[in-house]
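Keeping their order, the protein sequence lines are chains A and B. Take the first sequence: its letters are residues -4 to 410, numbered as in this note's numbering. Take the second sequence: its letters are residues -4 to 410, numbered as in this note's numbering.
In case anyone wonders, no lab produced these hints; they're calculated from the structure. For glycine and all other residues, C-beta sits at the position ideal for the given N, C-alpha and C. Wrong hints could be hidden among the right ones.
[To be verified] Short derived list, chain B residues pointing at chain A, Cβ under 10 Å:
no., residue
1, Phe12
2, Asp38
3, Pro42
4, Lys65
5, Gly68
6, Lys104
7, Thr107
8, Leu174
9, Leu274
10, Tyr291
[To be verified] Covered by chain B, according to a simulated footprint, are these stretches of chain A (three or more residues, beta-carbon under 8 Å):
no., segment
11, 113 to 123
12, 130 to 138
Protein chains: 2
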Amino acid sequence: MATVNENYLKLKAGYLFPEIARRVNAFAAANPKAPIIKLGIGDVTEPLPEACRRAMIQAVEEMGDRNTFKGYGPEQGYGWLREKIAHHDFQARGCDIEPDEIFISDGSKCDTGNILDIFGKNNKIAVTDPVYPVYVDTNVMAGHTGEANDQGEYGGLVYLPISADNHFTAQIPSEAVDLIYLCFPNNPTGATATKEHLAAWVNYARSHNAIIFFDAAYEAFITDASLPHSIYEIEGARDCAIEFRSFSKNAGFTGTRCAFTVVPKTLTAQASDGSKVELWKLWNRRQSTKFNGVSYIVQRGAEAVYSDAGQEQIKALVSFYLENARIIREQLTAAGIQVYGGVNAPYVWVKTPDNLSSWDFFDKLLQTCHVVGTPGSGFGAAGEGYFRISAFNSRANVEEAMKRITGQFTVGNRE
Amino acid sequence: MATVNENYLKLKAGYLFPEIARRVNAFAAANPKAPIIKLGIGDVTEPLPEACRRAMIQAVEEMGDRNTFKGYGPEQGYGWLREKIAHHDFQARGCDIEPDEIFISDGSKCDTGNILDIFGKNNKIAVTDPVYPVYVDTNVMAGHTGEANDQGEYGGLVYLPISADNHFTAQIPSEAVDLIYLCFPNNPTGATATKEHLAAWVNYARSHNAIIFFDAAYEAFITDASLPHSIYEIEGARDCAIEFRSFSKNAGFTGTRCAFTVVPKTLTAQASDGSKVELWKLWNRRQSTKFNGVSYIVQRGAEAVYSDAGQEQIKALVSFYLENARIIREQLTAAGIQVYGGVNAPYVWVKTPDNLSSWDFFDKLLQTCHVVGTPGSGFGAAGEGYFRISAFNSRANVEEAMKRITGQFTVGNRE
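Next up, chain A with everything else stripped away, as it sits in the complex (with noise of 0.2 Å):
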């Protein structure tokens, strides 16, 4: 008699975006002629880099010849690529990260998720509020969880809220947790940490032997030179912390598919005999049994990206986004809408006019303007009353997306 693993069916019903997506189908079908513009789902939309195409064309190229084809790579991703990206993301910025500490993947969302895997069943597992769901409903799945509330809150995880009251930071609980999810500049809210905010949770990691997993798929996006790109720029993290990082957001790959994650071999947790196990070999032995590698033609694609090309092309795209994210911010501001990051990130995130709850403007705004954004409290009791507007789309989408939005809801305009 076969057994599912019950912990799925605390699942809250459907991931976020697959419900956006479902509420966004059946106004389609509905409305056909309706000019639907996505700012909902954190995806890209301008072509991918030059640089990334040619190296990718020739990759294939390469494929089709006996003595330059490639099988099975090294689960852990190529060597020139792992050595660029040491380089580049992070001895460049004084962090002491070898090639070898990092792990090429197919995404961080995976990434997030897998990385539980080395993990024991008890640890107490820390998320802000509002967070990145996967964060959760992988916990959830793992059986790190107890039931839902009603607000969608899990039972044995222990939430930290960032919002307007705190000036959207992470604040550090006051007791002992293990594991904890840190992601700035932040999804969804755009928010960022200071070198200071991100020394002080290192140093209560350090003290608790506690690890972070800190989740910069945004870094490219920070416009603010004092800030950190890395987690690895506080000095002792090596000692404490886990980093993802991704190609989709500054490269445009979220259809390409390149991600990596560093394991600093100098990271342990402990064993029930109270012995000290280094989590590199761990999720090496994982990535190696449970993985197999990147597609080399993406690696290739990946690699691009550190090229003078590559860098003055992802640049553009970068500025573009921020370019776009200014537009909202802006426009919303000057319909009398409070709105907050959009600086240092592709996100917005939007104070919901009128006290409306967030699935309520989420519905409206998709049926008065034909905008589809994201419901905060998709993302944790206290996004509630928030709404996340990507800037992740076309300029003229942009654009006409804001002309609609504070044509409807300028104070004054409104019902």
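Once you have looked at the hints, place chain B on chain A.
Chain B alone, transformed into the frame defined by chain A:
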């Protein structure tokens, strides 16, 4: 105090293939001029089919235009690929499988490991012996086993020997098991399963409410028209089997990365309250939450496998490797070595001569012939005294390797 998943500490040192790589690298470093021929890891060597390359280059070019650019795709894979698979690989063979029962992934290795996520902790697990090590190691990692004994057998697993004694069939156990891994054509023995044999397993699984994990990664190598390519050719299999397939071996995608898993919607397993839970829903949720789909470019490459040109090109590839297998079988047989498999599979399963242990034969072959194979004992205790030789190499390398081995091992020439 963060703790580790201690189940990882039960794993025997080194997954089989990394251990082989370590010994080969050490030998190569000590003997830089030795012309090593690798017939060890089951990795393809011939160029990727032209149809796949053309399709991927076109897909890369689409990524350069915002009108055809692709961001996040469906986590389950694109409909156009799922439809072609359902039609060609299943419906055309009389299997009642729908496109939305097919989940595209980046590898069968990943899927055969990840599938355990959706099952409970107390299932009784059966594996064949010898076996593809990933099935065992992922169960160890998930905490489904006890410690390993000296033969590398883990407590709590049910091992089903497949050997010359039982004509390389997986004997149905007398006890009740819940999850059963079957791989036919078999890795590593090259053995096959008849329809009658699979029907007996389907009957067993249905009467015990067990689930069969059927790994059909090598189905393209079947030359005997009477043998089933899919377990869904057996009546009732929709109610008890998940099938794993891959483009790695038929189309040479080991470095390109694409595979798929079939989870019929009629498949259920039990919750503790006795209710039946649809496994499709759980797997769909798992993939939506912990995976972000396969690269658009790669999926277009996989789709091209089903074009007329693609079908012709993969047939030629498979024939090429099967001819290698024939040469290996015949040469070794002529040298007085007992061989199995290699007719409907790219693997020849060799009885080690002179009663050498598997690893002793490995070392001897490496040192005297500079040929790399895979020790049978690396696949399980019942593989001791056997050795896997892969047909994945160039014709010239296969012929040269056979020349060296027969020169060394032909009765009369032996030391």
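Hint check results:
| no. | hint | in the structure |
| --- | --- | --- |
| 1 | Phe12 | holds, 8 Å |
| 2 | Asp38 | holds, 4 Å |
| 3 | Pro42 | holds, 5 Å |
| 4 | Lys65 | holds, 4 Å |
| 5 | Gly68 | holds, 6 Å |
| 6 | Lys104 | holds, 5 Å |
| 7 | Thr107 | holds, 9 Å |
| 8 | Leu174 | holds, 6 Å |
| 9 | Leu274 | holds, 7 Å |
| 10 | Tyr291 | holds, 4 Å |
| 11 | 113 to 123 | holds (count 6) |
| 12 | 130 to 138 | holds (count 3) |
Hint violations for this structure: none, all hints satisfied.
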